[in-house]
Amino acid sequence: MTTSPQRRRDAAGLVIALILLALAGLVWWDMTKLQILSPYDLGPKVMPIVVSVGLTLLAIGNGIGALRGDLPPRDSLDWKPIILILGGLAALIVLIAIGGGFMIGTAILFATTSAAFGRRAFLTDLLIGAVIAVFIYLLFGKLLTLSLPAGPLERLF
Amino acid sequence: MSQFRKGLWRGALAAAAVAGFVTSAAAQMELKIMAPAAPGGGWDQTARSMQQALTQSGIAKSVQVANVPGAGGSIGIAQLVNNSKGDGNQLMVMGYVMVGALLTNKSPITLDQTTPIARLTAEYEAIVVPANSPIKDAKELAAAIKADPAKVTWAGGSAGGVDHIAAALFAKAAGADPTKINYIPFSGGGEALAAILGGKVTAGISGYGEFESQVKAGKLRLIGLTTPADKATADLPSIKAQGVDLEIANWRAVVAPPGISADQKKALTDAMDKMAKSKEWQELLKAKGWEDSYVSGDAFTKILADEQARTKEVLTAVGLVKS
Amino acid sequence: MEAFTSLASGLAVAIQPMNLLFALIGVLLGTAVGVLPGIGPALTVALLLPITFKLDPAGSIIMFAGIYYGGMYGGSTTAILINTPGESASMATALEGNLMAKAGRGGPALATSAIGSFVAGTIATLGLTLLAPYLVEIAVSFGPEDYFALMCVAFVTVSATFGDSPVRGLTSLFIGLLLGLVGIDILSGQSRLSFGIPELYDNIEVTTLAVGLFAVGEALYVASRRHIHEEKLEPVRGSLWMTKEDWKRSWKPWLRGTLYGFPIGALPAGGAEIPTFLSYATEKRLTKYPEDFGRGAIEGVAGPEAANNASAAGTLVPLLTLGLPTSATAAMMLAGFQQYGLNPGPLLFAEQPALVWGLIASLFIANAMLLVLNLPLVGLWVKLLAIPQPWLYAGILVFATMGTIAANPSPVELVMLTVFGVLGFLMRRFDFPIAPVVVGLILGPIAESQLRRALSISLGDPMVLLQSPISATLLGIAVIALILPFFLKGLGRFKAVED
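Chains as they are written, first to last, in numbering that gives the first Met the number 0: chain A, 0 to 156; chain B, 0 to 322; chain C, 0 to 498.
Take every hint as true, because none was put in to throw you off.
Here are the computed lysine to any residue pairs in the SDA-like style, where the Cα-Cα straight-line distance is at most 20 Å: (1) K84/B / A96/A; (2) K141/A / E29/B; (3) K79/A / V418/C; (4) K105/B / Q34/A; (5) K31/B / P257/B; (6) K247/C / R284/C; (7) K141/A / T54/B; (8) K218/B / E350/C; (9) K150/B / L41/A; (10) K247/C / L374/C; (11) K215/B / P236/B.
With the C-beta cut set under 7 Å, the calculated list includes, among others, these residues of chain A facing chain C: (12) L33; (13) Y39; (14) F109; (15) T112; (16) S113.
These are computed hints drawn from the structure, not numbers from a lab. In this text, a Cβ means the ideal position worked out from N, Cα and C, and glycines have one as well.
All chains, full assembly: derive it from the sequences and hints.
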């Protein structure tokens with residue numbers, strides 16, 4: 000980036016620095032609970048210390064960068080598609096967790112992602128997603144006998 | 000909440016399965032075997048071999064194998080205890096490694112919560128040294144450890160695993176402090192073996208199968224196996240017979256979920272008894288090179304309890320488990 | 000030469016119609032499975048073991064060889080086309096490969112990857128034929144201190160993936176190192192950063208991280224910017240095939256990649272990831288077109304792909320000569336051997352020459368078969384990019400999640416995938432490089448455990464790192480590689496002043 004008069008403090012950059020600092024603290028706190036068991040081993044604490052110190056230094060580095068306005072320019076953000084995709088992933092996770100199998104969730108994920116990219120045929124996409132899920136299930140669940148998470152739909156096959 | 004619902008689902012299915020089971024003959028058994036590990040490992044191979052033997056010999060009508068990998072079986076056993084309660088068609092493969100893993104992982108679920116069915120196979124641990132090592136037998140290795148445990152470096156599997164426990168027990172039997180052993184865990188069998196072959200460590204400890212071909216080719220010297228003294232042969236000396244009191248086996252077994260009825264337990268035990276005697280199972284054991292160590296019923300329940308107590312003692316001694 | 004006559008007789012075994020058929024089935028299965036991230040060749044071999052039990056030993060082992068190579072090929076295809084590395088070793092391929100695909104040069108990228116894999120696989124298999132007994136001596140003499148030194152070399156070269164800001168690159172690397180801490184510490188058996196969640200005890204899966212950061216992160220990023228920046232993909236711009244220029248830029252990287260991949264793959268703890276990174280870094284440094292890196296440089300695909308395939312052949316060196324399984328797939332092949340009562344080890348070459356040479360020969364065949372099958376398919380593969388964007392990304396997410404749960408059927412694993420996806424999105428938005436995170440996750444734990452092993456064996460004496468000649472040499476290389484760019488930069492400035 001070239002020097003320009005628009006350089007100003009970047010709040011997001013400061014947040015990143017704070018997150019790194021918090022991570023460094025987390026690693027350090029976790030490290031204090033470890034014990035050195037073997038008298039010959041360097042011990043499990045050394046690497047966390049290295050990582051924690053490194054993250055602290057990088058938090059400072061990123062913080063300075065943010066104060067100088069070093070962060071690259073960013074475009075405006077459209078939240079709707081992000082929420083759609085993450086919603087689809089969340090639906091899949093919840094369905095598997097409560098034993099609803101993966102097929103319904105996979106179909107939902109396919110349809111929400113497709114909607115996030117601007118398609119407006121939710122039902123058609125739901126159907127396409129379901130067909131892909133069935134195909135995957137037959138190939139990997141039945142042919143290769145992988146244990147895929149099963150729900151009411153999977154039990155029909 | 001989620002587990003509760005999952006439990007309901009499984010429970011309903013189990014009830015349906017049991018209802019069907021009562022009316023049909025034992026030959027109609029529809030078993031589910033969980034391997035609490037990823038496909039390919041020892042537990043998975045055991046589960047899939049059982050599947051083969053049970054269906055081919057007609058003991059069960061169908062056998063489904065499911066993999067629940069993670070944390071030395073801690074995730075699998077949690078699922079068995081929480082979600083399969085009272086399911087008389089469910090089995091889980093487990094082994095000695097799980098006894099240690101549950102202790103070191105501080106798992107809230109213990110093996111006491113399961114219904115022990117039978118021990119199937121066993122593999123003995125072997126101690127080897129590089130071919131050019133001055134150490135010739137178990138007595139000399141024991142003397143070296145007693146003299147300075149730090150100078151005797153061991154290569155084996157992960158910390159708290161059966162290799163580590165066996166090395167600690169060896170030191171204890173040799174009269175050295177087991178907390179002072181210089182045990183170096185390696186991630187895979189191949190990596191540990193390379194370190195032994197390369198002479199980077201004093202001794203190696205693992206299942207005999209890992210070392211067999213190297214011993215036969217003369218690249219490693221076999222100090223002994225952790226077999227009972229009376230099982231020793233000229234080629235396969237027992238460590239115990241050499242005067243170092245160490246006996247340990249890495250066994251594999253099956254357990255059932257908690258809360259099954261006495262009848263269900265008997266049906267499962269009978270099925271295992273039949274399988275262990277079947278021609279198909281015996282052939283598989285031979286092909287895989289597994290030693291038959293079949294024990295079922297109360298005898299196995301006792302073995303399981305004894306092994307848990309002994310393992311806890313060793314792991315506490317090396318500091319992996321706090322008493 | 001004896002080795003060549005043995006190889007010829009091996010070829011005679013492998014070329015029997017039935018065995019050719021097994022090789023074909025293996026190659027097809029491997030490719031099909033390789034495209035799904037998370038399901039690698041090891042898992043496929045494991046699942047097929049009971050089925051192949053019924054075949055004769057030669058047939059089934061030939062099929063495994065096909066699956067092995069096919070799986071790697073499939074992983075690279077998805078890495079290039081949809082930025083979803085099917086396995087950790089094809090991550091370096093995704094870096095430049097996907098950029099090429101987006102620039103309409105997916106055809107040449109796939110072609111250089113296929114031909115490079117073939118060239119590297121062939122040379123490495125030749126190396127396996129001729130050098131295996133000597134190479135294995137060196138491989139076994141590699142101690143923990145030498146691996147640590149090798150990791151130091153790898154760490155220095157990582158900076159090639161940093162982009163233009165060292166602070167941001169290092170930040171990414173340290174996030175990777177942090178993720179590498181999660182799980183049970185192999186040397187002490189204690190869990191770190193696991194917070195009592197059993198799923199975290201087993202460490203973070205590299206493919207889950209890579210797929211989350213690359214595929215899910217990118218889907219989120221592209222979707223969030225669609226309102227300002229409509230991404231238009233043109234599947235083919237220019238030639239579908241490699242031009243003369245592409246050939247000229249590819250052949251040296253192929254050879255250099257092979258030189259990294261084969262020996263490092265032969266090391267018992269070498270793996271396939273490190274040679275791909277080393278190759279990527281080397282190509283980036285040596286290229287005559289540095290401006291292309293970051294926009295889709297063909298050297299950045301040719302080198303890592305060759306390294307990846309050569310390391311696969313390298314893995315077979317310790318397996319066949321010592322019976323040492325040094326990768327998950329090799330471990331499964333070992334199980335396959337044992338099923339037939341064969342014990343790979345020092346005696347296998349002497350006791351079962353027909354089988355061993357049959358396997359080596361079938362590696363040649365599998366390689367050739369992949370080339371013949373895939374080159375004509377390049378056109379078809381590239382058409383994948385013509386799928387309407389909504390369906391393309393929806394399909395990518397379905398593949399990413401399916402691969403993850405098929406390998407590890409737990410909702411926790413999917414939560415991790417999602418978290419890594421969000422991380423990948425944020426890193427793209429704030430211009431942090433992605434690759435160093437994955438590199439940190441792979442290298443950190445190896446470097447840590449090997450250093451601790453070396454110091455345990457030496458009873459805490461750090462001089463062990465300099466006393467081993469291998470380690471001392473590698474550390475020297477690392478230091479030179481660290482200093483040289485500054486020196487060259489200074490020299491360049493000096494020259495610029497002179498001009």
